[in-house]
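With chain A fixed as given, assemble chain B onto it according to the hints.
Listed below, chain by chain, are the residues.
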Amino acid sequence: MRVLIVEDEVLVAAEIEFLIAEAGLQTLGVAISSEEALKIVEQERPDLVLLDVHLADGPTGIEIARRAAKLQGVAVLFMTANRRRLPDDFAGAIGSVAKPYTEWGMRGALRFIAECLRDGGATRPAPSSLELSSAWSRKWLVPEVGHSTH
Amino acid sequence: MTARNRAASDLAAAKADAEALVAARTADLQKALDQKTVLLHEVDHRVKNNLQLISSLILLQSRRIADPEIRDTMTSMLNRVSALATVHRNLFQADDLSAFDVPAFMRDIASDLLDASGRDDLSVEHDHEPAAIPAQQASAVALIVNELLIEALACAPESAPGRLRLAVRRPDGELAIEVDHDGSVEPGQSRESFGASLMSLLTRQLSATIERSGADDGPRVRLTMPVADRPAS
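Note that the protein sequences, when read in sequence, are chains A and B. Here the first sequence stands for residues 1 to 150, where the numbers follow the numbering used here. Here the second sequence stands for residues 1 to 233, where the numbers follow the numbering used here.
Chain A with its partners taken away, still in its complex shape (with noise of 0.2 Å):
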C-alpha cells in the first residue's frame, strides 16, 4: 500500500515515514505544498494520502482533499492542529487526527486504516485517536466503541 505524506514540517514528516514503515506500508513520497501535492496525488494515485490543512502555501489542504476524493482508488486522511477548519463531509477524506497526536496514537490509526483499506470494512471500533467522517463509518460498517462509565 503505498502512502504520500502531505507535510510541511520535515521533521514531522521525517517521523511519520518510519511509522508508515511500521505499519507494513510503503512511503511514495513527501510533499510540503499544495502543487506538489497534487502532481504526485494525479501521476501516482497512491493508496492513501496523510494530508495536513495547513501547508507551504496556505491553508489549501482541504481542495487537495476534494481533488483526491473524485479520484478513484485514492483514500485521504487529514492530520490537523485545526479541527475547526474541517468541513463537516471532510472534504471526502476517511476522517482525520488531531494534532498534537502521540506516537501510539497515530500508529494505531494507521493500523485500523490499513486494516480497513484492504479487507474493505472494519472488524473492530476505531481507535480513539482517528476520528471517522460518517460516509466512510458507514462504508467501512465501523463498530461504535462501548464505555464503561456512569
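In case anyone wonders, no lab produced these hints; they're calculated from the structure. A few of these clues could be false.
As the list claims (entries may be wrong) - Now the stretches of chain A that chain B is said to cover, found in silico as 3 or more residues with beta-carbon under 8 Å:
id : stretch
1  : 73-86
2  : 96-104
Stated by the list, open to error - Every beta carbon over 12 Å from chain B, so not counted as near; a handful from chain A, in silico:
id : residue
3  : Arg2
4  : Asp8
5  : Glu9
6  : Ser33
7  : Glu35
8  : Ile40
9  : Glu42
10 : Gln43
11 : Asp52
12 : Asp57
13 : Ile62
14 : Leu117
15 : Ala122
16 : Pro127
17 : Ala135
As the list claims (entries may be wrong) - Just a few of them, taken from the derived set where beta-carbon distance is under 10 Å, the chain A residues facing chain B:
id : residue
18 : Val12
19 : Ala13
20 : Ile16
21 : Phe18
22 : Leu25
In this text, all values refer to a predicted model and were calculated from it rather than measured experimentally. Ideal Cβ positions, reconstructed from N, Cα and C, are used throughout, including at glycine.
Okay, now just chain B, sitting in the frame of chain A:
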C-alpha cells in the same frame, strides 16, 4: 410646524443618532472580538504544532540511540511530552476553553500507554464521574497521571493477564483519581527516581496528596487535590 411637532421630530432624530452610535460601537466591539478569536485560534494552532514538532524530534533522535538505558530515558521524556500534547489536543476542542475534561483525558492517555506497553493481555476499566477542572491545573495533573499509569503498567505481572482500574471522582471542591491494579509488586518499588521527584514537585504545586494502599486485590494509588468549583475564566 408647531413647537410640539418640532420637539417630537428633534427627539426622534436624537434617538436615531443614539441608535446609530450604539450600532457602530457594537460593530466595533464585535470586530475586535472576532480579531481576538482569530488570534487565539492562531496561537492554539501554533502551540499544537510545536508540541507535534517536539514529539517528532524526540522520536527521531531516540530511534538512533543504541544504548537501551538512554533510549528508555528518551522514551520517558517522550511519554511526558505526549501527556502534555494530549492535554492540549483536548483543550480548545470544547467550546469552554477554561475547563479540562479529566475522564476524556484518562481514556486517551490510558489507551496510549497501554498500546505503548505492548500488553494486550491487560484490560483497563474506566469508572468515571463527569469531572472538569480549571485548565491551569491540567498539565500538572496530566504529568502525575502519566507517572502513575506507567508505574501501574510496570507493576502488572507479566505472567498473567491483568486488570487496571481507573476512577475519577469530583466531590465539591475536590478531584480524586484512583489507579488500582492486580499487580503484586510493592508500590513504589519500580519508581524511576526522576519520575518520583517529578511527582513530589507537582503534588506540591497542586496541593495534592498521594495515598498508597495495598488493597487485598492489588495495590491502589489515590490522588486527591482541591479544585475551584467554578473554573476561573
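For each hint, the structure was consulted:
no., hint, verdict
1, 73-86, "holds (count 4)"
2, 96-104, "holds (count 7)"
3, Arg2, "22 Å, holds"
4, Asp8, "10 Å, violated"
5, Glu9, "6 Å, violated"
6, Ser33, "17 Å, holds"
7, Glu35, "22 Å, holds"
8, Ile40, "22 Å, holds"
9, Glu42, "28 Å, holds"
10, Gln43, "28 Å, holds"
11, Asp52, "9 Å, violated"
12, Asp57, "16 Å, holds"
13, Ile62, "15 Å, holds"
14, Leu117, "20 Å, holds"
15, Ala122, "17 Å, holds"
16, Pro127, "7 Å, violated"
17, Ala135, "22 Å, holds"
18, Val12, "5 Å, holds"
19, Ala13, "9 Å, holds"
20, Ile16, "8 Å, holds"
21, Phe18, "6 Å, holds"
22, Leu25, "17 Å, violated"
The structure fails hints 4, 5, 11, 16, 22 (numbered hints given earlier, in ascending order).
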